[in-house]
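Below are the chains, spelled out letter by letter.
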Amino acid sequence: MKHENNINISVTLWTLASKEVRRFMRIWVQTLVPPAVTMSLYFVIFGSLIGPNIKPEVTDGFAYVQYMIPGLIMMSVITNSYANVVSSFYSVKFQKSIEELLISPMPNWTILLGFIIGGVCRGVLVGIIVFCVSLFFYPDFEIANPLLTVIVLFLTSILFSLMGFINAVYADSFDDISVIPTFVLTPLIYLGGVFYSINMLPDFWRSVSQVNPMLYVVNTFREGMLGTSDVSITFSLSMIILFIISFSVLSLYLLKRGTGIRE
Amino acid sequence: MTFALEIKDLKKVYAGGTEALKGISLNVKEGDFYALLGPNGAGKSSTIGIIGTLVTKTSGSVKIFDADIDNNVAIAKSMLGVVSQEINFSQFEKVLHIVTTQAGFYGIKKSIAEPKVEEMLKRLGLWDKRNDQARTLSGGYKRRLMIAKALIHDPKLLILDEPTAGVDIELRREMWSFLKEINENGTTIILTTHYLEEAEQLCRNIGIIDHGEIVADTSMKDLLSRLDVQGFVMDLDKPLDKEPTVEGFELKLEDSSTLVAAVNKDKSINSLFDELNKLGIKVKSMRNESNRLEELFIEMIKKK
Ligand SMILES: Nc1ncnc2c1ncn2[C@@H]1O[C@H](COP(=O)(O)OP(=O)(O)OP(=O)(O)O)[C@@H](O)[C@H]1O
Ligand SMILES: [Mg+2]
Numbered sequence: 001m002k003h004e005n006n007i008n009i010s011v012t013l014w015t016l017a018s019k020e021v022r023r024f025m026r027i028w029v030q031t032l033v034p035p036a037v038t039m040s041l042y043f044v045i046f047g048s049l050i051g052p053n054i055k056p057e058v059t060d061g062f063a064y065v066q067y068m069i070p071g072l073i074m075m076s077v078i079t080n081s082y083a084n085v086v087s088s089f090y091s092v093k094f095q096k097s098i099e100e101l102l103i104s105p106m107p108n109w110t111i112l113l114g115f116i117i118g119g120v121c122r123g124v125l126v127g128i129i130v131f132c133v134s135l136f137f138y139p140d141f142e143i144a145n146p147l148l149t150v151i152v153l154f155l156t157s158i159l160f161s162l163m164g165f166i167n168a169v170y171a172d173s174f175d176d177i178s179v180i181p182t183f184v185l186t187p188l189i190y191l192g193g194v195f196y197s198i199n200m201l202p203d204f205w206r207s208v209s210q211v212n213p214m215l216y217v218v219n220t221f222r223e224g225m226l227g228t229s230d231v232s233i234t235f236s237l238s239m240i241i242l243f244i245i246s247f248s249v250l251s252l253y254l255l256k257r258g259t260g261i262r263e
Numbered sequence: 001m002t003f004a005l006e007i008k009d010l011k012k013v014y015a016g017g018t019e020a021l022k023g024i025s026l027n028v029k030e031g032d033f034y035a036l037l038g039p040n041g042a043g044k045s046s047t048i049g050i051i052g053t054l055v056t057k058t059s060g061s062v063k064i065f066d067a068d069i070d071n072n073v074a075i076a077k078s079m080l081g082v083v084s085q086e087i088n089f090s091q092f093e094k095v096l097h098i099v100t101t102q103a104g105f106y107g108i109k110k111s112i113a114e115p116k117v118e119e120m121l122k123r124l125g126l127w128d129k130r131n132d133q134a135r136t137l138s139g140g141y142k143r144r145l146m147i148a149k150a151l152i153h154d155p156k157l158l159i160l161d162e163p164t165a166g167v168d169i170e171l172r173r174e175m176w177s178f179l180k181e182i183n184e185n186g187t188t189i190i191l192t193t194h195y196l197e198e199a200e201q202l203c204r205n206i207g208i209i210d211h212g213e214i215v216a217d218t219s220m221k222d223l224l225s226r227l228d229v230q231g232f233v234m235d236l237d238k239p240l241d242k243e244p245t246v247e248g249f250e251l252k253l254e255d256s257s258t259l260v261a262a263v264n265k266d267k268s269i270n271s272l273f274d275e276l277n278k279l280g281i282k283v284k285s286m287r288n289e290s291n292r293l294e295e296l297f298i299e300m301i302k303k304k
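Order-wise, the sequence lines are chains A and B. Sequence positions in the first sequence follow the working numbering and run 1 to 263. Sequence positions in the second sequence follow the working numbering and run 1 to 304.
Just so you know, these hints were derived from the structure itself, not from any lab. Here the structure is a predicted model, which is why all the values come from computation and not from measurement. Using N, Cα and C, we set each Cβ at its ideal position, and we do this for glycine too. Errors might be hidden in some of the hints.
Unchecked claim - Reference listing, derived: stretches of chain A covered by chain B, where coverage requires no fewer than 3 residues with Cβ under 8 Å from a Cβ of chain B: (1) 13–20; (2) 100–107; (3) 253–263.
Said to hold, decoys possible - Some chain B residues judged to face chain A by a derived CB distance under 10 Å, without partners named: (4) ALA76; (5) LEU80; (6) SER90; (7) HIS153.
Just chain A, with the same shape it has in the complex (with noise of 0.2 Å):
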């Protein structure tokens, strides 16, 4: 048990995780149930309708079903563990009861930690709600790398629920809480190979799709789920930690200057 000035440091964090995995908990419907159902629908009619006259090359020559599981897993993920923290940090700073944590002796660490704990939480069970989803569609599903599915499950809601923390932090107004999600999440995550491998792009679409930091996240999931990427996987893996560190830091910054948070 760590102890910082003699206040009991574990005590606080849990008390803001658990009010954390509370908050989507009781909102339920909001939360757990919309992916559960639009993933169902993505299987219905991608896998079980149009997936069988898919040529292979699309997917690395696994059925297309199969194929789609990873990515729709990950989508769900990220936009999960986002939207939880950017709407509960920018719910907290909306109704000033945010004041309630800067007013305690709580460290800065342990309040972006209590958050980032919340989104993995949702993120971590939305994941596991969309695979029994998926068990439905393809019941024979075997998972080539746990242990690396696992680790790329968790640092990608780690990474973006720090950015659902950051966008929260810049928030003014409910319509910044859902920009980013709307035309920049979404987007790259459709483009980012959820549904297709990018080697049966052109050229010049394979080499754009390498820009897009979706690509390296959906990939490496999909190599612990499948065994197969169209990318380097030490390489996406120190990119995933990398941008972990660096949007810590700024969050911790951030909260230090007290922006967006302190007059």
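Once you've looked at the hints, dock chain B with the ligands against the given chain A.
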């Protein structure tokens, strides 16, 4: 002597350029009950915001029981409780949960927090409403919830920013006796208010702030002793054409049947009545001319 609060040369310039605090210094002794008074926009909330680190300061220093909010912030904060002017809890959570969570943010374990929260909610009359969503509470109960939250970690210094604004008379009296009690038990209290009567009732020392500057910092007794003239308003049973003259009293007719008397503190008003009687003037009723403190207050602020 130990100070509960030491503020030195505190300045605050907001992003838009508003100079809210122009370098104020203020000391509040341990155990004191201190009133910070000032008109709207004087800088009271800005000062409190800086003490609680909810607002960043431009320059200057703040110490809470010797713990500097720059170098020793965790210690400083653990000794401080703040009731903000504006509601700052999540409207959709339950009362019990809000207070228990606040205890958790102070590092108080659930097993220790639970009985404390129960006691606090009972003391503030909130126990029956513990499972209500905060947004369904009436204004007065929301205030109480703010107080419960601020006291849950037994702070040595409690600061309340207009705790009784918009609170009915009965609840205000209840709050007064509650605050008096915790002050008697050793908690130093600072409150801001626009009701001078409140400051007079509760506080031993008083600071007056205006346009970001301290214009007075004195004991309540001292301040009251500056009020050496009291005004009385008398309703007469018959109208007069001209005010009577009575030796030693300054009399003025407000209208033909309302007489205003300025009475020096060392004079008894009995003699005034005797003289009026002799002149055949009958007084039907009498009241104090508005709040004397209020006038002094307005005068002090105008002086600058
Ligand atoms: N967030 C802010 N941004 C810019 N200016 C601000 C901000 N908060 C307060 N001010 C300005 O700072 C000055 C002091 O405001 P403050 O809220 O401290 O006054 P106050 O004494 O608490 O007033 P009141 O009695 O109305 O609560 C005012 O001119 C106000 O407009
Ligand atoms: Mg104020």
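Taking the hints in turn, this is what the structure says about them:
no.: 1; hint: 13–20; result: holds (count 4)
no.: 2; hint: 100–107; result: holds (count 8)
no.: 3; hint: 253–263; result: holds (count 3)
no.: 4; hint: ALA76; result: holds, 8 Å
no.: 5; hint: LEU80; result: holds, 8 Å
no.: 6; hint: SER90; result: holds, 4 Å
no.: 7; hint: HIS153; result: holds, 8 Å
No hint from the list above goes unmet by this structure.
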